[in-house]
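Visitor: First to last, the sequence lines map onto chains A and B.
Residues 0 to 89 (numbering that gives the first Met the number 0) make up the first sequence, in order.
Residues 0 to 534 (numbering that gives the first Met the number 0) make up the second sequence, in order.
Hints were generated in silico from the structure; no laboratory data involved.
Take the hints with a grain of salt, since some may be wrong.
What the hints assert, rightly or not - Think about it this way: if two alpha-carbon atoms lie no more than 30 Å apart in a straight line, the pair counts; the simulated DSSO-like pairs of lysine-lysine are:
| # | chain 1 | residue 1 | chain 2 | residue 2 |
| --- | --- | --- | --- | --- |
| 1 | B | K425 | B | K495 |
| 2 | A | K22 | B | K479 |
| 3 | B | K495 | A | K22 |
| 4 | B | K495 | B | K479 |
| 5 | B | K425 | B | K109 |
| 6 | B | K109 | A | K22 |
| 7 | B | K505 | B | K177 |
| 8 | B | K425 | B | K510 |
| 9 | B | K425 | B | K505 |
| 10 | B | K495 | B | K109 |
| 11 | B | K495 | B | K505 |
| 12 | A | K22 | B | K177 |
| 13 | B | K505 | A | K22 |
| 14 | B | K505 | B | K479 |
| 15 | A | K80 | A | K22 |
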Amino acid sequence: MHKTTVVERIQNQVFELFPLARKQAIDGNLSLLDSGILDSMGILELVTALEAEFGITFSDEDMTSEAFDSIDSLAALVESKLALSLPAES
Amino acid sequence: MDFLVHHMLRTTAERFADKEALVQGTRRLTFAEFASQAAGVARGLREAGLRRGERVAVFLEASLEQSLAILGISQAGGVFVPIHHSLFPHQVEHILSDCDVTGLITDSRKLAPLQEHLPAEGAPRWVALCDPDSGEVSRLPQYSFAEWCAGEVASGWQDWRIGRDLAAILYTSGSTGKPKGVMLSHENLLAGAAIVSDYLHITSADRTLAVLPFSFDAGLNQLMTGIAQGAAVVLQDALFARDIVRALQAEQITGLAGVPPLWNLLVQPSSGLARAELPHLRYVTNTGGALPQTVLRRLREALPATQVYLMYGLTEAFRSTYLPPEEIDRRPGSIGKAIPNTEILIVNDEGRPCGPGEPGELVHHGPTVSLGYWGQPELTAQVLRPHPFPPPGLSNPPLVCYSGDLVQSDEEGFLYFLARRDNQIKSSGFRISPTEIEEVLCRSGLVQEAAVVGVPHEALGQAIVAYVRPLEGSEVDIEKLMLFCAENLPRHMLPKSVEVRDTFPKTSSGKIDYPALRRLAVASAEGSAAGRARP
Numbered sequence: 000m001h002k003t004t005v006v007e008r009i010q011n012q013v014f015e016l017f018p019l020a021r022k023q024a025i026d027g028n029l030s031l032l033d034s035g036i037l038d039s040m041g042i043l044e045l046v047t048a049l050e051a052e053f054g055i056t057f058s059d060e061d062m063t064s065e066a067f068d069s070i071d072s073l074a075a076l077v078e079s080k081l082a083l084s085l086p087a088e089s
Numbered sequence: 000m001d002f003l004v005h006h007m008l009r010t011t012a013e014r015f016a017d018k019e020a021l022v023q024g025t026r027r028l029t030f031a032e033f034a035s036q037a038a039g040v041a042r043g044l045r046e047a048g049l050r051r052g053e054r055v056a057v058f059l060e061a062s063l064e065q066s067l068a069i070l071g072i073s074q075a076g077g078v079f080v081p082i083h084h085s086l087f088p089h090q091v092e093h094i095l096s097d098c099d100v101t102g103l104i105t106d107s108r109k110l111a112p113l114q115e116h117l118p119a120e121g122a123p124r125w126v127a128l129c130d131p132d133s134g135e136v137s138r139l140p141q142y143s144f145a146e147w148c149a150g151e152v153a154s155g156w157q158d159w160r161i162g163r164d165l166a167a168i169l170y171t172s173g174s175t176g177k178p179k180g181v182m183l184s185h186e187n188l189l190a191g192a193a194i195v196s197d198y199l200h201i202t203s204a205d206r207t208l209a210v211l212p213f214s215f216d217a218g219l220n221q222l223m224t225g226i227a228q229g230a231a232v233v234l235q236d237a238l239f240a241r242d243i244v245r246a247l248q249a250e251q252i253t254g255l256a257g258v259p260p261l262w263n264l265l266v267q268p269s270s271g272l273a274r275a276e277l278p279h280l281r282y283v284t285n286t287g288g289a290l291p292q293t294v295l296r297r298l299r300e301a302l303p304a305t306q307v308y309l310m311y312g313l314t315e316a317f318r319s320t321y322l323p324p325e326e327i328d329r330r331p332g333s334i335g336k337a338i339p340n341t342e343i344l345i346v347n348d349e350g351r352p353c354g355p356g357e358p359g360e361l362v363h364h365g366p367t368v369s370l371g372y373w374g375q376p377e378l379t380a381q382v383l384r385p386h387p388f389p390p391p392g393l394s395n396p397p398l399v400c401y402s403g404d405l406v407q408s409d410e411e412g413f414l415y416f417l418a419r420r421d422n423q424i425k426s427s428g429f430r431i432s433p434t435e436i437e438e439v440l441c442r443s444g445l446v447q448e449a450a451v452v453g454v455p456h457e458a459l460g461q462a463i464v465a466y467v468r469p470l471e472g473s474e475v476d477i478e479k480l481m482l483f484c485a486e487n488l489p490r491h492m493l494p495k496s497v498e499v500r501d502t503f504p505k506t507s508s509g510k511i512d513y514p515a516l517r518r519l520a521v522a523s524a525e526g527s528a529a530g531r532a533r534p
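So that you can see chain B by itself, here it is in the shape it has in the complex (with noise of 0.2 Å):
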């Protein structure tokens, strides 16, 4: 019986050993290569020390090692906390400390300039490298990982786990503070792949190209899905979007998932989309933000034969909703209804289940409700609670996940995504956290208070706006501000304007009033698009 994610894998390398598991440019591995070096990763993790549990973060952009990392330490009796590859040194070491990670899986590019940001003692107490010439380059006791890789797996290995633990911690962002841990047990890993296989069909059969990070829930789903079905999944890391179409061709795939700025720059005609032969691409999921109506039709255009998936979800409860492609011409704007096996509920500010037309909070039922935060009780607290409408005779009523999604639904239960309750951004697909860029705005020593708002953008979601106050008698040097932000944030975090204000609106009780700040902001953004001329 399979209930830990790496029995998946086992099962899968059973049924088709010898088929195409795992591509990254010219490796390849089948699944009996993938299984048995996830296994020797396994045993390397144990002999390093690893007890059952504890976490390993895998620092590496998309790659074999990166996938063999996850599964090894599944099989370790491990918590897997992929890190997104373009995260700043004090990102990582946030994530690092706050869940205490015991190892951490890197390359020695990766590695150098965390050097300085990782504590004397505490996480990580060692480290593994996947480059294989790397030398001795850490303080920390280093393993090498291909070796692990290479190792041999006695039979009889003894699992720790059972379904219900902890398989996996992904980061993400709220509304306020630091990013925070989302705890997936491997129960909610394998209930979503096996939800997501259902409704998208996918069989041995499908090649995925997977170009979603392995720290996001839909990204890992890639990965989940395809050794689960025997599917394979080609990695690729494109700069360009003809890249992607490229691969697309190359590789024959058939399943392609998605985020708004990649549907964007796929529909730019530098990329060949529209000229491309995609006889086998048999369908395209977006998630991570609404896909813009005029960006839809460009890639229906582009892609006639190829069937559309719109999903929603949030990494909270992994997986939500999807709209099947047959609707998407009847409900323009809909995120559809919920995935398999899951009961999603609209419940008012009163807390009663809101008729159509009605707005009120998405709550998500089912196998992917997550485990919450890492260290955060409070927080889960306010996120999972127990279901509002339980059926009688149930002593403690199962947890359910408040999304903070505003959303109503029509007369057949087709669900309209409306508005966020808090200040979360959305951009670029990832969830970003106002406070965190605001932080980093005041941190300059440039300006007195900063506030970040999202307005609606075409490509990506959300753009970013920072108002800033001045310091007393001087001004902002917005060049050296927007230097700064650039040397402390990624790319997607940093402001796509900044607007110098004197003051900001501010609630009775002397707070920032976001909602009244984000109105100012579309405002000025209506009217400089509308002052713009055509170059």
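Only chain A is shown next, with the shape it has when bound in the complex (with noise of 0.2 Å):
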């Protein structure tokens, strides 16, 4: 369940800022690089939004076209920071 949150989440934030990937997620194409919704200004507005949803904040490592290339390994990355900074019980 915990899972879903987070994907639905980030997928919600990716919508509101790149209208394309909803339709791209329809079509069923995952990357948002190779398709170009995401260049470096979306980037960092995506970082933006993402360390104010979840109260994380994003490593200079942690900055990686594998990491942002999907909604999928978007919510591992985001995943694992919350891991690290809530360590017991959420």
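Using the supplied hints, reconstruct the complex from the two chains, each of which is provided in its own coordinate frame.
Guide: Here it is, written out as structure tokens:
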């Protein structure tokens, strides 16, 4: 259940910032980078939005094209940050 | 004597044959290789039937092929038309047909979505593809760019052009309508390279990181100065700011030109700029909009040993003013003074010169004044006009460029940008015409009327705000409208916000009152910024 929530919250942020991603998700194409939906300014906006949404801070090492390529890969990154920042119950 | 763009490459290839000229990832070309492959492209173009002065579009990401195409087209006697890689098919099609290109140099991935937008007859008549394994993908005659590059060129090559001839067309937006092609002569480009090399002190010891696209005047100038001086140009199309910082280190970059959004990315902590050792980075330059003072301060803190040049220019005059690094602290917000060999005038509405502190239009006189807009004599005549204060005895005063930018000077003649005279928007370093976005909004069929303005924005220069009037008896589906925009406009042209209004402020003649709408948008942006709690 937890996983779904994180994915959905990321999805909402991505769809809000990048309307084309919604259509693409329906079309079944999941790469945000190959399609050019995410450019460098877009990544910065997404980072700012996700940091605010989850109360996390991305580090230098987190900024990779692998991590930002899809909603699933972003979810994996965010989950790993959440696990670090909230070690106990959540 | 060097008077054509490719002459600079020929001369530099003789002086610095084995020196690095272009770098793209792990691919590297020396000046000798660059010159020889560009000559091969020129031969290929002529064999494909190119005649003097014909236009060839280059629709590619930053790559060795893009630079080879530009230089090859120059040498073949053609006119190169670089097209920004993020443009959408209908925008590319506008450029191809507007200047009636003979050929298109691209790759199969970029050609595929474009195919259905290409007319059955007319521009372009052939394509050259840069990916070697593309196969036959076009119904047009198709050439292999790689084969052109490998071609041998016999001695005794004849140039077909002189320095005054058209070398390049750069598409840029005005305040209305579709993008227009600014025509640059070989003389313009050579003068721009010489002038910028002079005030940035660029020599063969320099290595510049080219992140600005070559479809943009300042971007193209990076390539031209590198070729003119024998400096290496490292091509970079980075997604993450830290990739740029890594390239600055790994490639021992000495000069970096950027636009405000780039500096905003680089001063984010995650870029690693402040922690990086960059002993080689001699200068950075900003153009394409004012750098916010906060970003400038953080940039200078991160790069204490690097000189910061703030520049101002418009495509119609290529490059215009710069603020020397030593003046930054004394004159915050200034765009500086005229570049070398250039006269900058400030002219008021009555056509008289302005004194210090008196607002007027910036007027540019010098060797980088362009040849005007392709196929647009009336628009050209509005922007390129006779020198307002010609020397006595001259029967035909030289043409100068009226910028449309309102500026004023201080007592020492340093200039300060005040505002645009028209409704043109500048966002992310791009010039954007409101009508282009309004057309897409209306084409969606979801709104009755649309008006687009720019409001000040820290990172983007200006953010795009769209006002829309709903269809009668219905509500506007904003989500659907934004999706339509995203499908039809590149990201830098997407509205940041859409506001629904039942009426628009109008002028006495019934046109949309843009200044009034802009005031509304600014007030609303300030209101929401004040009301927004930090999450």
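Visitor: Could you work out which of the previously given hints the structure breaks and list their numbers from low to high?
Guide: Hint 13 contradicted; others consistent.
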